[in-house]
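Student: Sequence:
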Amino acid sequence: MLERIQKENDIKDLNPEGLLKLSEEIREFLIEKTSKSGGHLASNLGVVELTIAMHRAFELPKDKIIWDVGHQSYTHKLLTGRKDQFDTLRKYGGMSGFPKRKESDCDAFDTGHSSTSISAGLGYVKARDLKGEDYSVISVIGDGSLTGGMAYEALNNAAQLETNFIIVLNDNHMSISENVGGMSRYLAGLRTADFYTGLKKGVTKTLERVPKVGERMISHIRKTKSSIKQLVVPGMFFEDMGITYLGPIHGHDIGALYKAFGEAKKIDGPVLLHVMTKKGKGYEPAEKAPDVFHGIGPFDVETGRTLNDKKKDTYTDVFGKVLCDEAKKRDNLVAITAAMADGTGLSRFKKLYPDRFFDVGIAEEHGVTFAAGLAAGGMKPVFAVYSSFLQRGYDQMIHDVGLQNLPVVFAVDRAGLVGSDGETHQGIFDLSYLSSIPNMTVLSPKHKWELADMLRFALDHDGPVAVRYPRGSAFDEYQKCREPVRFGKSESIFEERDIALFSVGHMFEVALKVRERLKAEGFGCSLVNARFIKPLDEECIRGLSKNHRLIAVIEENVASGACSQRVQECVSSWNLPVKVLSCALPDQYVEHGSVDVLRKETGIDEESLTYRIIETYGEL
Numbered sequence: 028m029l030e031r032i033q034k035e036n037d038i039k040d041l042n043p044e045g046l047l048k049l050s051e052e053i054r055e056f057l058i059e060k061t062s063k064s065g066g067h068l069a070s071n072l073g074v075v076e077l078t079i080a081m082h083r084a085f086e087l088p089k090d091k092i093i094w095d096v097g098h099q100s101y102t103h104k105l106l107t108g109r110k111d112q113f114d115t116l117r118k119y120g121g122m123s124g125f126p127k128r129k130e131s132d133c134d135a136f137d138t139g140h141s142s143t144s145i146s147a148g149l150g151y152v153k154a155r156d157l158k159g160e161d162y163s164v165i166s167v168i169g170d171g172s173l174t175g176g177m178a179y180e181a182l183n184n185a186a187q188l189e190t191n192f193i194i195v196l197n198d199n200h201m202s203i204s205e206n207v208g209g210m211s212r213y214l215a216g217l218r219t220a221d222f223y224t225g226l227k228k229g230v231t232k233t234l235e236r237v238p239k240v241g242e243r244m245i246s247h248i249r250k251t252k253s254s255i256k257q258l259v260v261p262g263m264f265f266e267d268m269g270i271t272y273l274g275p276i277h278g279h280d281i282g283a284l285y286k287a288f289g290e291a292k293k294i295d296g297p298v299l300l301h302v303m304t305k306k307g308k309g310y311e312p313a314e315k316a317p318d319v320f321h322g323i324g325p326f327d328v329e330t331g332r333t334l335n336d337k338k339k340d341t342y343t344d345v346f347g348k349v350l351c352d353e354a355k356k357r358d359n360l361v362a363i364t365a366a367m368a369d370g371t372g373l374s375r376f377k378k379l380y381p382d383r384f385f386d387v388g389i390a391e392e393h394g395v396t397f398a399a400g401l402a403a404g405g406m407k408p409v410f411a412v413y414s415s416f417l418q419r420g421y422d423q424m425i426h427d428v429g430l431q432n433l434p435v436v437f438a439v440d441r442a443g444l445v446g447s448d449g450e451t452h453q454g455i456f457d458l459s460y461l462s463s464i465p466n467m468t469v470l471s472p473k474h475k476w477e478l479a480d481m482l483r484f485a486l487d488h489d490g491p492v493a494v495r496y497p498r499g500s501a502f503d504e505y506q507k508c509r510e511p512v513r514f515g516k517s518e519s520i521f522e523e524r525d526i527a528l529f530s531v532g533h534m535f536e537v538a539l540k541v542r543e544r545l546k547a548e549g550f551g552c553s554l555v556n557a558r559f560i561k562p563l564d565e566e567c568i569r570g571l572s573k574n575h576r577l578i579a580v581i582e583e584n585v586a587s588g589a590c591s592q593r594v595q596e597c598v599s600s601w602n603l604p605v606k607v608l609s610c611a612l613p614d615q616y617v618e619h620g621s622v623d624v625l626r627k628e629t630g631i632d633e634e635s636l637t638y639r640i641i642e643t644y645g646e647l
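Heads up: the sequence shown runs through residues 28 to 647, numbered per this note's numbering.
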């Protein structure tokens, strides 16, 4: 059946039996392809029938389906004629693992971060109505993403609509980690509300048969907010907001889903379809461990075991171990995550210190201010969060942490290029936005031992500190280069003349290779480990200017607002006789692909950097 799907809407030619066969073939295809390329498997297996039903019920690209986050869009891509592109999934120049407007007219909105689909869908609805157009808008959001504050803001705004807008709540009982909070408990109650759903329908149908009076009674019942209605009608949270609630609906019953979408189309106003799905559906290893198969590398289909088992500690591993060790000594140390306990290395901390561990859900803005409140109350909060997700808390870092100079530690994971997840996940802006905040101290380690030292420094520091480190295996060479971390001071590794490499964080490994190449070409070359991006070690810069003609700042951040810009400002303000070469990423979004490929394409690999440095030095 999958072979018959060559383009969008081909699915409409299949009968119910064909749709069931198609769902089986899609699962087999996704498991086989993802086992080779890696990707987001569990979430995609969970929405196969839901996606089929939507594509059956709606006309693409005329109708707009907006996927929240978007890592569950693989089936959608298959049903819109992209089957032959799956061998290039998440590879440089190939198909994205997320919806991309430039990739297909059927991808209505670029996504990658959570809790955005309702806002974007509402925008589409308003644009549709203002232009007098006629199409359906369907925003799909997971129960985990519904914990994000932005989703509530959008729901509140959507409630004012008097025109059709369909919101699909894909409820699979979890996000990346186990769902937390009041909304999770509320949805758990709705999952068991089938009796009440049936009762509501039965009462409505009975009243409809009563001449004249029935419709008025139905209208009155819908408007009342009595305790009886609260008990009888599931989804009252949504209905009280003015959003019609339909559900819960079996998320793996194509027929029931198709029928529900037909009903949803008829409603003049926002309607929420509560769909119950199982993450990892149809593949036992993914069903048993959906968190593992959320984002997984190549694996053995028979066993579910990953093929590239890590041999070295990652920076995340080191962070988690050090934090647990420090928690033994510091009773006031607390840890915060935004639904990423496993991804940020806090799982062990959670087990050892459950009373001092807080999962705020997908709510980075709240997480930052929550940390500020903890700090104001005398605790030492550590907020472990991915670089690209921390962007969401920028306002809170400025006003709630920085302004009060509160001792909050930001453990900024996945900094720099992260690879195959692409533009929305690259941590290439953090040095820029963190350095712009008054009172913020920003550090980045060159290897795993320095990360440990920097974390201890951060915990002792009386003020906000951000320690940024990358995804993947931690550099474990040059252990002897481990001077004590002193506030605002860099570390000299090699002292020579002519060219100075000023290395930022994990780019130290690349800088070492660049230095070897320069030495082989006959150049004198010093190497400095920056350590602190803010405050910058200006004394070191002034010292380098005395016997070097060129300072090359090597970093994995966009050039604007990066360390290289701060070095250039220092050189200009002191009128120093040295040229600064920015070896940073261009000021643009970086698409998906392996980190090695992306570094080469953006010109920050060792070969490209060596060439640029020699060329620039030759022009002096």
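There may be inaccurate statements among the hints.
As the list claims (entries may be wrong) - 27 Å max Cα-Cα, derived DSS-like pairs, lysine-lysine:
| id | residue 1 | residue 2 |
| --- | --- | --- |
| 1 | K292 | K60 |
| 2 | K507 | K339 |
| 3 | K118 | K39 |
| 4 | K129 | K63 |
| 5 | K89 | K63 |
| 6 | K110 | K338 |
| 7 | K39 | K60 |
| 8 | K356 | K507 |
| 9 | K63 | K39 |
| 10 | K118 | K158 |
| 11 | K573 | K627 |
| 12 | K315 | K292 |
| 13 | K627 | K606 |
| 14 | K561 | K606 |
| 15 | K561 | K129 |
| 16 | K89 | K292 |
| 17 | K286 | K315 |
| 18 | K48 | K60 |
Keep in mind that the hints were calculated from the coordinates and are not lab data.
Student: Looking back at the hints listed earlier, which ones does the structure fail to meet?
Tutor: Violated hints: 1, 3, 5, 6, 9, 10, 11, 12, 15 and 17; rest satisfied.
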